[in-house]
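Numbering (the working numbering), first residue to last: 1 to 210.
Hints are computed from structural coordinates only; laboratory data are not their basis.
Note that the coordinates shown come from a computational prediction; the quantities given were computed from them, not determined experimentally.
Backbone N, C-alpha and C define an ideal beta-carbon position, used for all residues, glycine too.
Please note: incorrect hints may appear among the correct ones.
Said to hold, decoys possible - With beta-carbon atoms standing in for the labels, derived distance ranges:
{"#": "1", "residue 1": "Ala115", "residue 2": "Pro180", "range": "19 to 29 angstroms"}
{"#": "2", "residue 1": "Pro180", "residue 2": "Ser42", "range": "23 to 33 angstroms"}
{"#": "3", "residue 1": "Gly26", "residue 2": "Glu191", "range": "12 to 22 angstroms"}
{"#": "4", "residue 1": "Ile2", "residue 2": "Arg193", "range": "20 to 30 angstroms"}
{"#": "5", "residue 1": "Pro4", "residue 2": "Arg193", "range": "16 to 26 angstroms"}
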Amino acid sequence: MIVPRQQQASPDLLEQYREIAPSTLGHFGDQGYLRGIRPLFSNVRMLGNVVTVKVFPPDGSILRDALLLSQPGDVLVIECAGDEECACWGELRTLAGLIKGLAGVVVGGAVTDVAALREHRLPVFSFGVSAYTTRGIGLHGEVNGTVEIAGVQVNPGDIALGDDDGVFILDVVRAESLLPELMAKEAQDRERRVAFLDRLQSSLDCFGYP
Numbered sequence: 001m002i003v004p005r006q007q008q009a010s011p012d013l014l015e016q017y018r019e020i021a022p023s024t025l026g027h028f029g030d031q032g033y034l035r036g037i038r039p040l041f042s043n044v045r046m047l048g049n050v051v052t053v054k055v056f057p058p059d060g061s062i063l064r065d066a067l068l069l070s071q072p073g074d075v076l077v078i079e080c081a082g083d084e085e086c087a088c089w090g091e092l093r094t095l096a097g098l099i100k101g102l103a104g105v106v107v108g109g110a111v112t113d114v115a116a117l118r119e120h121r122l123p124v125f126s127f128g129v130s131a132y133t134t135r136g137i138g139l140h141g142e143v144n145g146t147v148e149i150a151g152v153q154v155n156p157g158d159i160a161l162g163d164d165d166g167v168f169i170l171d172v173v174r175a176e177s178l179l180p181e182l183m184a185k186e187a188q189d190r191e192r193r194v195a196f197l198d199r200l201q202s203s204l205d206c207f208g209y210p
C-alpha cells in the first residue's frame, strides 16, 4: 500500500520549531517520545515532515518507493514489523536520502554500515545496529499509513523533532498548541544560562583561573 505524501504543518510552524530542543518539549511530558530510539552519532539535529514506512523484514524493497515519494526536508519514520534485529537502513539508502534532501531517518529497528553512516552525517536514529540486513524481495510493505515506534503511533504529516537527546513525534494540533509555552521556556532557559555562565566566570576570576 502506497499513499500519497502528506504535510499537515505549515512551513512557518516548522521554522518556529527549529528553535525548540526535544528536551524542552520533554519538560511538558513524554507524549510522543520514542523511548529507546537513539542517534547514531553526536552533534545531530533533525526536524521535518514525517513520511511513514512499514517494512516487513527481511523484505526492505518498499523503502525505494518511500524515497522516491519523499521531498526535501522530510523525515522517514520506519517501523520494522516483526524483526527489529534485521537492519533495513544502510549506506546506499543514506546516500539516496541525501540526494533526496531528507532531514533525517528514524528506524524502529536496526541500521547497518555504521561507519559510513557516521561519515555521511544524515541524521539517523534507531534502536541499534546489526549486520543482518533486509533485501529486495518485493513482496509487501506500506508507505504513509499509521506506524508504531516504541509504543507511539506515528502518522504521515506529523512532525519529527530530534537531537542528541532523542526524538519526539508531534501531530500538528499539539505542535501548534504547545508552541507558545515551548518558546517561553526556551527564552527563559537562555536567560538563566547567561546568568549562570556570568556567575561561573565570576567564580573563576575570583580564584584566579583563566
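How the hints compare with the structure:
Hint check: Ala115 to Pro180, Cβ distance near 42 angstroms, so the stated range 19 to 29 angstroms is violated. For Pro180 and Ser42, the hinted distance range of 23 to 33 angstroms is satisfied, since their beta carbons lie about 30 angstroms from each other. As the Cβ distance of Gly26 to Glu191 is approximately 20 angstroms, the hint placing it in 12 to 22 angstroms holds. Between Ile2 and Arg193 the beta carbon distance is about 46 angstroms. The supplied range of 20 to 30 angstroms is therefore violated.
Here the CB-CB span from Pro4 to Arg193 is close to 43 angstroms, at odds with the stated 16 to 26 angstroms.
Hints 1, 4, 5 from the earlier list are contradicted by this structure; the remaining hints agree with it.
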